[in-house]
Amino acid sequence: MFCREQAVQVHRERERIRRAGAELAFVGNGTPAFARAFAEDYRLEVPLYVDPSRRTYQALGMARPRLLSFLSPRLVAAAARALRGGFVQGKTRGDALQLGGVLVVARDGRVAFRYLSRDAGDHPPVADVVAAAEQVGKAA
Amino acid sequence: MNRIPDELAALTVVDMEGKPVRLGALWADRPVVLVFLRHFG
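Going down the list, the sequences are from chains U and B. Numbering (our numbering) for the first sequence: 1 to 140. Numbering (our numbering) for the second sequence: 1 to 41.
You may find that some hints are simply not true.
[Claimed, not checked] Computed footprint of chain B on chain U, listed as stretches where at least three residues anywhere in the stretch have a Cβ under 8 Å from a Cβ of chain B:
{"#": "1", "stretch": "41-49"}
{"#": "2", "stretch": "53-65"}
[To be verified] Derived, one-sided and incomplete: chain U residues facing chain B with beta-carbon distance under 10 Å:
{"#": "3", "residue": "I17"}
{"#": "4", "residue": "G21"}
{"#": "5", "residue": "A35"}
{"#": "6", "residue": "D95"}
{"#": "7", "residue": "L99"}
{"#": "8", "residue": "V102"}
{"#": "9", "residue": "L103"}
{"#": "10", "residue": "F113"}
{"#": "11", "residue": "A120"}
{"#": "12", "residue": "V130"}
{"#": "13", "residue": "A133"}
{"#": "14", "residue": "V136"}
Calculated directly from the structure, the hints in this document are not laboratory data. Every residue, glycine too, gets a C-beta built ideally from N, C-alpha and C.
Model the full structure from these sequences, guided by the hints.
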């Protein structure tokens with residue numbers, strides 16, 4: 001559910017991100033077929049990539065916690081929030097334990113924004129992501 | 001990490017047609033907001 005919630009929220013800001021001169025792209029850890037289904041389900045209009053090996057996730061410092069630490073009180077609160085927002089967990093496609101994050105990267109490879117999720121319900125405020133895109137887009 | 005190291009930019013992701021794409025190619029033309037999802041679904 002968190003994955004969809006975040007994807008949909010950021011996707012809503014795609015035009016603002018583009019107006020800032022940046023692009024929005026998603027990376028998932030399932031297969032290309034899962035990515036295509038996901039893009040169709042949510043009518044995503046941004047590039048979508050996958051990394052089934054999760055090597056990019058690991059290299060960027062995104063954690064894959066063990067199951068027990070995965071079930072934190074924060075997570076329960078976030079689950080309740082996501083459910084209220086109407087996001088229901090579908091069948092998991094990809095590695096269910098791999099955490100994600102958000103990067104804003106400038107053309108020269110400089111990292112203007114980086115957020116590594118601490119658990120499954122932990123995402124950066126969308127406004128912070130858009131602000132970083134607007135800043136780096138202006139500078140580019 | 002202030003700048004993505006070259007060896008990290010050289011890692012590949014796969015596009016929806018199954019073609020490998022260098023991670024660094026994603027910000028070569030313009031800055032990118034890269035959302036790493038946990039999983040699909």
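Verification of the supplied hints:
Beta-carbon proximity to chain B at under 8 Å applies to 3 residues in the stretch 41-49 of chain U; the threshold of 3 is reached and the given coverage holds. Counting residues of the stretch 53-65 of chain U whose beta carbon lies closer than 8 Å to any beta carbon of chain B gives 7, which reaches the threshold of three, so the coverage claim holds. For I17 of chain U, the suggested interface contact is upheld, since its CB lies about 5 Å from the closest CB of chain B, less than 10 Å. The restraint placing G21 of chain U at the interface with chain B holds, with a minimum CB-CB distance near 6 Å, inside the 10 Å limit.
At about 5 Å, the closest approach between the beta carbon of A35 of chain U and any beta carbon in chain B falls short of 10 Å, and the interface hint on this residue holds. Below 10 Å, beta-carbon pairs count as interface contacts, and D95 of chain U has one with chain B at about 6 Å; its hint therefore holds. The closest approach between the C-beta of L99 of chain U and any C-beta of chain B is roughly 6 Å, which is under the 10 Å cut-off, so the hint is satisfied. At a threshold of 10 Å, the smallest CB-CB gap from V102 of chain U to chain B is about 5 Å, leaving the interface hint in force.
With a cut of 10 Å, the hint placing L103 of chain U at the interface with chain B holds, because the nearest CB-to-CB distance is about 5 Å. A distance limit of 10 Å between C-beta atoms decides the matter here; for F113 of chain U the minimum to chain B is near 8 Å, and the interface restraint holds. About 6 Å separates the beta-carbon of A120 of chain U from the nearest beta-carbon of chain B, less than 10 Å, and the hint is met. Because the smallest distance between the Cβ of V130 of chain U and any Cβ of chain B comes to about 8 Å, under 10 Å, the interface hint for this residue holds.
Given hint, A133 of chain U at the interface with chain B, holds; its Cβ is 5 Å from that chain's nearest Cβ, closer than 10 Å. Taken as an interface hint, V136 of chain U checks out: its beta carbon lies about 4 Å from the nearest beta carbon of chain B, inside 10 Å.
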